[in-house]
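Undergrad: Please construct the entire structure, taking both the sequences and the accompanying hints into account.
Sequences listed follow chains A and B, in order. Our numbering numbers the first residue of the first sequence as 1 and each following residue consecutively. Our numbering numbers the first residue of the second sequence as 1 and each following residue consecutively.
Keep in mind that a hint or two might mislead.
Once the Cα atoms are required to be at most 25 Å apart in a straight line, the calculated SDA-like pairs of lysine to any residue come out as [said to hold, decoys possible]:
1) A:132 - A:149
2) A:98 - A:154
3) A:132 - B:41
4) A:132 - B:189
Read the hints as simulated data drawn from the structure, not as lab findings.
Residue-level listing of the chains:
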Amino acid sequence: MSIRQGILALLTERPMHGYQLRQEFEARTGGTWPLNIGQAYTTLQRLQRDGLVEPVPDDDANAPERFRLTAAGAAEASAWWTRPVERTAPARDELAIKLALAVTVPGVDVVAVVQRQRTETLRALRDYTRLKRDAAPEGPELAWSLVLDSLIFAAEAEVRWLDHVESAVARAAVARATTRRPAAGAAQASGDPTAVGHGAAGTGEGGAR
Amino acid sequence: MLRLRRVTRVHGYGAAEVHALRGVDLDVAMGELVAVMGPSGSGKSTLLHLAGGLDTPTAGTVHVGRDDVGALDAKGRARLRRRHVGYVFQDLNLVPALTALENVMLPLELDGLSARRARSQATAALAEVGTDDLADRFPDDMSGGQAQRVAIARALVGPRRLVLADEPTGALDSVTGEAVMRVLRARVDAGAAGLLVTHDARHAAWADRIVFLRDGLVVDSTGADPGPDHLLSGAVRA
Ligand SMILES: Nc1ncnc2c1ncn2[C@@H]1O[C@H](COP(=O)(O)OP(=O)(O)OP(=O)(O)O)[C@@H](O)[C@H]1O
Ligand SMILES: [Mg+2]
Numbered sequence: 001m002s003i004r005q006g007i008l009a010l011l012t013e014r015p016m017h018g019y020q021l022r023q024e025f026e027a028r029t030g031g032t033w034p035l036n037i038g039q040a041y042t043t044l045q046r047l048q049r050d051g052l053v054e055p056v057p058d059d060d061a062n063a064p065e066r067f068r069l070t071a072a073g074a075a076e077a078s079a080w081w082t083r084p085v086e087r088t089a090p091a092r093d094e095l096a097i098k099l100a101l102a103v104t105v106p107g108v109d110v111v112a113v114v115q116r117q118r119t120e121t122l123r124a125l126r127d128y129t130r131l132k133r134d135a136a137p138e139g140p141e142l143a144w145s146l147v148l149d150s151l152i153f154a155a156e157a158e159v160r161w162l163d164h165v166e167s168a169v170a171r172a173a174v175a176r177a178t179t180r181r182p183a184a185g186a187a188q189a190s191g192d193p194t195a196v197g198h199g200a201a202g203t204g205e206g207g208a209r
Numbered sequence: 001m002l003r004l005r006r007v008t009r010v011h012g013y014g015a016a017e018v019h020a021l022r023g024v025d026l027d028v029a030m031g032e033l034v035a036v037m038g039p040s041g042s043g044k045s046t047l048l049h050l051a052g053g054l055d056t057p058t059a060g061t062v063h064v065g066r067d068d069v070g071a072l073d074a075k076g077r078a079r080l081r082r083r084h085v086g087y088v089f090q091d092l093n094l095v096p097a098l099t100a101l102e103n104v105m106l107p108l109e110l111d112g113l114s115a116r117r118a119r120s121q122a123t124a125a126l127a128e129v130g131t132d133d134l135a136d137r138f139p140d141d142m143s144g145g146q147a148q149r150v151a152i153a154r155a156l157v158g159p160r161r162l163v164l165a166d167e168p169t170g171a172l173d174s175v176t177g178e179a180v181m182r183v184l185r186a187r188v189d190a191g192a193a194g195l196l197v198t199h200d201a202r203h204a205a206w207a208d209r210i211v212f213l214r215d216g217l218v219v220d221s222t223g224a225d226p227g228p229d230h231l232l233s234g235a236v237r238a
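TA: Listed below in structure tokens is the structure:
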């Protein structure tokens, strides 16, 4: 993904060789997305092929080869800052797929699936928060701290979505329990995507009386 | 520090009976912060009231340190609460006739501290939550978030061994909320035991463990250990 763009961005600062690029990339993002040295060099080769970077001429022949931006590379690097990251079609998200199936496949205890996931996501959220507590929100740690924030907000969003799934499933179960009593409800219920829940359904009966 | 065993609490009688807690086990050690999450009505506040000796269990035992809360008489429970337990409750319980500073001094003075020492400790506690400039204001003249921070200062003032907080970040914006979590965390790291009820996952994440209640039962809990380190696939940071 953005390894290519990341390398171009780093090269706007100064010419670097592959190993330096790898180090800088990891340092700025707190090691969250490791870049192996092979990836760094393959990406540099592709960038060179596309005319975006070039070896620094007259460089010390015994040192590792350093690269700098061409004019086209510099233009591409600055264009990256001005254009938003594209929201492509949602990546295949195992959790979303799993829950979509959990609410449609008969006999799945959706509430239990949600609960187990929530615990796992909260544990991740807690672990990120621990790291974040130790990261100074200024100076050289700022970049790392912001990357952690991004992970924290994403995990929080996932927890909120799980809460939402749980209450939506519970509400749908209540609705089914109340519409089932009049015979007319039967035909309508067959197309109900939530027609699985046990678990949360127990609370529904009382309200119907 | 805090130990609940098979704790059950039934409110009301007969047809109106509500089983707020049904056999809950929970331990909170010194230096440990535990967050309690769960839907509305799941028994979180009931659990906190029991832990703080404001209420007694229908069955089961609650220990704070070596004290069996259920076995203490009303006077003993009052003493335990005053000396060792700090609270922030959903309804803040600030005394309207007292200024912020006087509210925070109150538990210290009740405990026999001189007015001078109570004043200096209370001033420090207000500063810790960034409300030192409100010392002379009355609760009715503060915003909800300000009153909340004063209530937190009162809960944390003095040498509390057990800190109980029910939605302490409720009325606060996210930066102030985080500051409050920092203060709570620091107090726990300094040796207190902490029990925090919150709906906010980001604040619960400051705890060492997160416990889930549903219908009066603990249904799940994160362990205290860190999860798999693939979370951060990158290099281990020094
Ligand atoms: N004094 C009381 N008398 C009767 N029922 C009560 C009393 N206190 C609590 N309950 C009931 O006990 C159950 C648990 O209440 P509790 O206040 O512990 O929930 P909670 O998890 O704190 O909810 P919330 O998130 O809304 O604050 C609820 O069904 C509530 O109605
Ligand atoms: Mg409550």
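Undergrad: Against this structure, judge whether each hint is valid.
TA: Verification of the supplied hints:
Taken as a hint, the residue 132 (chain A) and residue 149 (chain A) pair is honoured in the structure, with Cα atoms around 8 Å apart against an allowance of 25 Å. Distance hint between residue 98 (chain A) and residue 154 (chain A) is fulfilled; the C-alpha atoms sit about 18 Å from each other, no more than 25 Å. Annotation: proposed proximity of residue 132 (chain A) to residue 41 (chain B) is violated, straight-line Cα distance about 32 Å (limit 25 Å). With a C-alpha separation of about 16 Å, the suggested pair residue 132 (chain A) and residue 189 (chain B) falls inside the 25 Å cut-off, and the hint holds.
Hint compliance for this structure: hint 3 is the single one not met.
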